[in-house]
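2 protein chains.
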Amino acid sequence: MPSKFSKFAIYRKDMNRNGDTICALATSYGGALATIRVSGPECYSIIEKLFFPADSSVKLDEQGGFRIIHGDIREDSELIDEVLVNLYKAPHSYTGEDSVEISCHGSFYVITRILELLVKNGAASALPGEFTRRAFMNGKMDLSQAEAVADLVASDSKAAHRIAINQIRGGFSAEIAKLRSELLKFTSLIELELDFGEEDVEFADRKELRKLVLQSRELAESLASSFKLGNVIKNGFPIAIVGKPNSGKSTLLNALLNEEKAIVSAIPGTTRDAIEDTININGLIYRFIDTAGLRETSDEIEVLGIRKTKEKMMQASVILLVDEAGEKAEEINRRADIIRRMITDPDVRLIILVNKIDGCDKSVVDELSKKIYLDIDDSLLFISGEKHIGLDKLRRRLARIFEKRGVTNEGVIITNIRHYEALKHVSESLNRVITGLDEKRPDDLITTDIRQAIHYLGEITGEITTDEILENIFRNFCIGK
Amino acid sequence: MPSKFSKFAIYRKDMNRNGDTICALATSYGGALATIRVSGPECYSIIEKLFFPADSSVKLDEQGGFRIIHGDIREDSELIDEVLVNLYKAPHSYTGEDSVEISCHGSFYVITRILELLVKNGAASALPGEFTRRAFMNGKMDLSQAEAVADLVASDSKAAHRIAINQIRGGFSAEIAKLRSELLKFTSLIELELDFGEEDVEFADRKELRKLVLQSRELAESLASSFKLGNVIKNGFPIAIVGKPNSGKSTLLNALLNEEKAIVSAIPGTTRDAIEDTININGLIYRFIDTAGLRETSDEIEVLGIRKTKEKMMQASVILLVDEAGEKAEEINRRADIIRRMITDPDVRLIILVNKIDGCDKSVVDELSKKIYLDIDDSLLFISGEKHIGLDKLRRRLARIFEKRGVTNEGVIITNIRHYEALKHVSESLNRVITGLDEKRPDDLITTDIRQAIHYLGEITGEITTDEILENIFRNFCIGK
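Chains A and B, in that order, are what the protein sequence lines are. If you number the first sequence the way numbering that gives the first Met the number 0 does, the last residue is 480 and the count never jumps. If you number the second sequence the way numbering that gives the first Met the number 0 does, the last residue is 480 and the count never jumps.
To be clear, the hints were calculated from the coordinates, so they are not data collected in a lab. The model shown is predicted, which means the values in this text are computed figures rather than measured ones. Honestly, I wouldn't trust all of these hints.
Where chains are identical, the list cannot tell them apart; a pair therefore holds if satisfied intra-copy or between any two copies.
Cross-link-like lysine to any residue pairs, in silico, SDA-like; alpha carbons within 25 angstroms at most [said to hold, decoys possible]:
hint	residue 1	residue 2
1	Lys119	Asn279
2	Lys361	Ala398
3	Lys370	Val57
4	Lys311	Lys403
5	Lys157	Glu115
6	Lys139	Arg66
7	Lys233	Glu115
8	Lys243	Ile288
9	Lys309	Thr250
10	Lys58	Ala223
11	Lys88	Gly70
12	Lys439	Glu326
13	Lys157	Phe195
14	Lys119	Leu444
15	Lys243	Gly358
16	Lys157	Glu74
17	Lys327	Lys386
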């Protein structure tokens with residue numbers, strides 16, 4: 000395994016572009032204020048060429064870290080902006096290097112001028128994620144924590160936020176580290192036996208080892224299986240709305256979307272368009288799948304034979320069948336059956352929504368309640384999308400379905416496909432170890448498999464990594480992070 | 000005149016909504032990082048309820064200002080984000096109050112949670128410009144400086160930036176203060192005379208006074224007359240492109256716009272769409288007026304009789320007449336004459352552009368050069384919009400026209416219509432003073448007019464202000480500034 004130092008050396012070779020000190024806008028354009036980040040060994044010597052403290056007796060490199068200095072950014076005699084500069088000294092900074100954050104006015108012109116000035120004085124424009132990459136390289140966080148930083152910035156719901164922040168705080172890393180250190184301990188003992196060659200000593204108790212490997216495999220598999228849940232938490236719980244033309248599918252979706260928008264814009268200081276077709280209900284994101292004709296008037300149920308529509312619908316965890324109060328119960332049952340026959344995943348839930356109840360007698364509702372057939376786990380709700388009747392009930396129903404799946408558990412949930420794949424490899428390697436132990440295969444074959452499991456665990460946290468892996472991870476970051 | 004204290008009292012009554020401590024996002028959504036500002040007397044007691052320093056021995060209110068503290072934002076036991084908090088103590092902050100800036104991750108969810116938490120703990124959501132309004136109220140800046148903060152944030156070009164930053168630094172305020180204090184001195188002397196009643200003393204030399212008032216009026220008028228220039232610097236120099244159909248007007252405009260976009264996106268760390276129809280050339284913004292048919296194929300020149308088109312074109316400082324190399328010189332002269340006849344403002348310049356020269360002989364160009372008639376200050380350029388020939392010459396020509404108008408002067412230029420109107424009132428009042436002195440009107444009438452001039456000067460810097468004026472100014476700010 001490469002040591003921290005050798006990783007660092009590879010990194011230097013690869014990333015040493017215009018110099019070791021990098022700069023980027025860390026906030027976005029368009030606010031009253033903006034923050035420009037500078038990090039690297041030449042940070043202070045560069046900043047001194049363009050930043051002039053209001054108190055001219057202040058020497059930046061004589062200041063401690065975690066200090067704020069007020070002053071001017073100037074190019075020659077021209078004043079660019081009056082700013083506040085946050086000083087950080089290595090290793091006590093985000094990147095672990097000497098760092099500075101310039102808080103300037105949010106003008107596009109001002110930001111551009113300051114970035115140009117930094118580059119003129121020897122800083123390089125940071126690549127996406129380069130600050131976090133340096134934090135990883137300098138041992139401030141492991142790779143899975145670094146990845147969680149991007150997840151946190153992108154987090155849009157309470158559940159996604161909780162997973163990201165747990166991962167940053169090392170919850171996941173701790174699980175992986177525990178697994179890894181147990182396996183390492185045993186593999187060293189077996190390797191020690193091998194060193195003794197023919198002497199037939201047994202440092203590692205084979206029964207103990209088998210128990211440990213079983214436990215480890217179970218942990219790896221349970222983490223891997225949390226990926227499906229993690230993925231929907233991150234991207235939204237997929238929901239399909241289907242129904243015959245004019246049953247009010249669009250009206251229902253719009254009613255749900257508009258109510259959410261109203262909630263979001265009531266939060267002080269925030270205005271943002273909700274992402275189309277995504278709804279945040281009690282901290283969970285629901286994503287409405289655009290099945291063909293969702294917003295059109297064609298009857299999807301009748302054309303479900305068309306493979307593509309069917310496939311799309313089958314990505315859903317919940318299917319909302321929208322029908323009308325004016326419809327016959329037999330007809331609704333017929334449609335519901337078409338859908339039931341297509342569902343193969345036992346986790347998929349069907350909710351039958353009888354819409355437009357505002358325009359009909361109570362007796363109609365009672366009649367339908369009696370006659371509509373429900374399979375185990377199906378639900379039936381009476382609503383009016385237009386008049387916003389029954390939507391709260393629908394939201395509670397959805398929330399309950401997903402809560403049952405453990406989204407509110409405090410356990411570690413993985414959301415990253417890279418981690419999922421590594422954990423799958425870990426579990427396969429450990430399977431081979433168990434078979435090896437059961438079949439009393441030679442120790443060197445067994446240790447090879449344990450070593451492989453350890454290798455994949457190391458890939459998750461970045462103990463073992465390649466430039467390619469790092470490039471793939473950090474190129475998805477935004478610039479300035 | 001109300002004292003600083005009484006202004007403050009009015010302000011408190013008016014703005015004391017949910018409490019005196021305000022909060023808002025100061026950067027914008029969408030970056031890696033975001034900054035939330037909190038300001039007011041309860042700032043520290045509120046922040047202590049949600050921010051927990053990593054070093055738990057740190058007591059926020061025992062820290063000095065200009066310190067950065069690392070820690071967690073929590074709601075009950077739930078971790079919201081790991082943040083850095085900048086501390087400022089009154090009066091050494093932007094607002095002059097106790098203030099805190101929270102630097103958190105740029106997630107919409109995280110930002111919203113922190114703002115909600117601040118409000119829950121007693122902070123009020125800041126109104127647009129409320130931080131700067133407090134800075135003004137607490138004597139950190141005068142009103143014209145506060146207005147310049149919004150101009151600086153919006154500044155998009157070197158010239159607009161220079162004006163805004165000069166104004167923030169008090170260049171304009173100093174001119175106004177000088178005017179005001181001279182007038183105040185004289186008016187007090189005259190008022191002293193009035194106190195002595197019949198005694199016929201003359202503390203204020205009338206000749207001196209007349210000279211001073213003339214100088215003051217001249218200064219007020221020269222500042223007021225800089226408004227026209229300031230306005231075009233802020234909003235862009237208006238340019239009209241006219242010409243017969245298919246002369247290549249759109250191609251020319253697109254060529255200019257695309258070259259600028261390429262320059263902007265070459266600046267490290269920046270990507271932004273240039274505002275349509277505005278071009279930044281050497282730090283000045285040029286704004287292309289959308290005359291009817293600019294992007295269409297109708298012949299504007301032939302329909303210039305239509306009042307609206309004519310009016311729009313007449314807002315331009317420069318008119319680009321686009322014609323083709325294939326055209327006869329007489330025809331080009333005829334068109335140019337139509338335009339010349341319409342120009343009434345002697346400052347408007349005509350540039351005749353002979354386009355599509357890539358497809359023709361040098362002899363054609365020579366012939367046209369000889370035969371196209373130019374009035375004083377007209378220009379003639381041979382270009383190809385399609386092949387990007389001659390565009391640099393055109394840009395230099397435009398720059399020279401506007402440089403001659405003093406945009407690069409270091410003098411004070413006003414850009415604010417409020418200041419313009421106040422200065423106009425000042426100059427009118429001073430006119431009456433001069434007439435009064437010449438006609439030997441009673442001293443109390445003269446002092447009334449001087450007082451009026453002083454009043455209008457005070458309105459500019461905010462020595463005299465009303466809630467209505469303040470509302471009008473600050474509602475145009477963004478939230479968080």
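Going down the list of hints, with the structure as the test:
| no. | hint | in the structure |
| --- | --- | --- |
| 1 | Lys119 / Asn279 | between (45 angstroms within a copy, 21 angstroms between copies) |
| 2 | Lys361 / Ala398 | neither (27 angstroms within a copy, 77 angstroms between copies) |
| 3 | Lys370 / Val57 | neither (83 angstroms within a copy, 67 angstroms between copies) |
| 4 | Lys311 / Lys403 | within (24 angstroms within a copy, 65 angstroms between copies) |
| 5 | Lys157 / Glu115 | between (38 angstroms within a copy, 14 angstroms between copies) |
| 6 | Lys139 / Arg66 | both (21 angstroms within a copy, 22 angstroms between copies) |
| 7 | Lys233 / Glu115 | between (37 angstroms within a copy, 23 angstroms between copies) |
| 8 | Lys243 / Ile288 | within (16 angstroms within a copy, 51 angstroms between copies) |
| 9 | Lys309 / Thr250 | within (22 angstroms within a copy, 49 angstroms between copies) |
| 10 | Lys58 / Ala223 | neither (52 angstroms within a copy, 43 angstroms between copies) |
| 11 | Lys88 / Gly70 | both (19 angstroms within a copy, 17 angstroms between copies) |
| 12 | Lys439 / Glu326 | neither (67 angstroms within a copy, 95 angstroms between copies) |
| 13 | Lys157 / Phe195 | neither (55 angstroms within a copy, 77 angstroms between copies) |
| 14 | Lys119 / Leu444 | neither (57 angstroms within a copy, 61 angstroms between copies) |
| 15 | Lys243 / Gly358 | within (18 angstroms within a copy, 62 angstroms between copies) |
| 16 | Lys157 / Glu74 | between (45 angstroms within a copy, 13 angstroms between copies) |
| 17 | Lys327 / Lys386 | within (22 angstroms within a copy, 70 angstroms between copies) |
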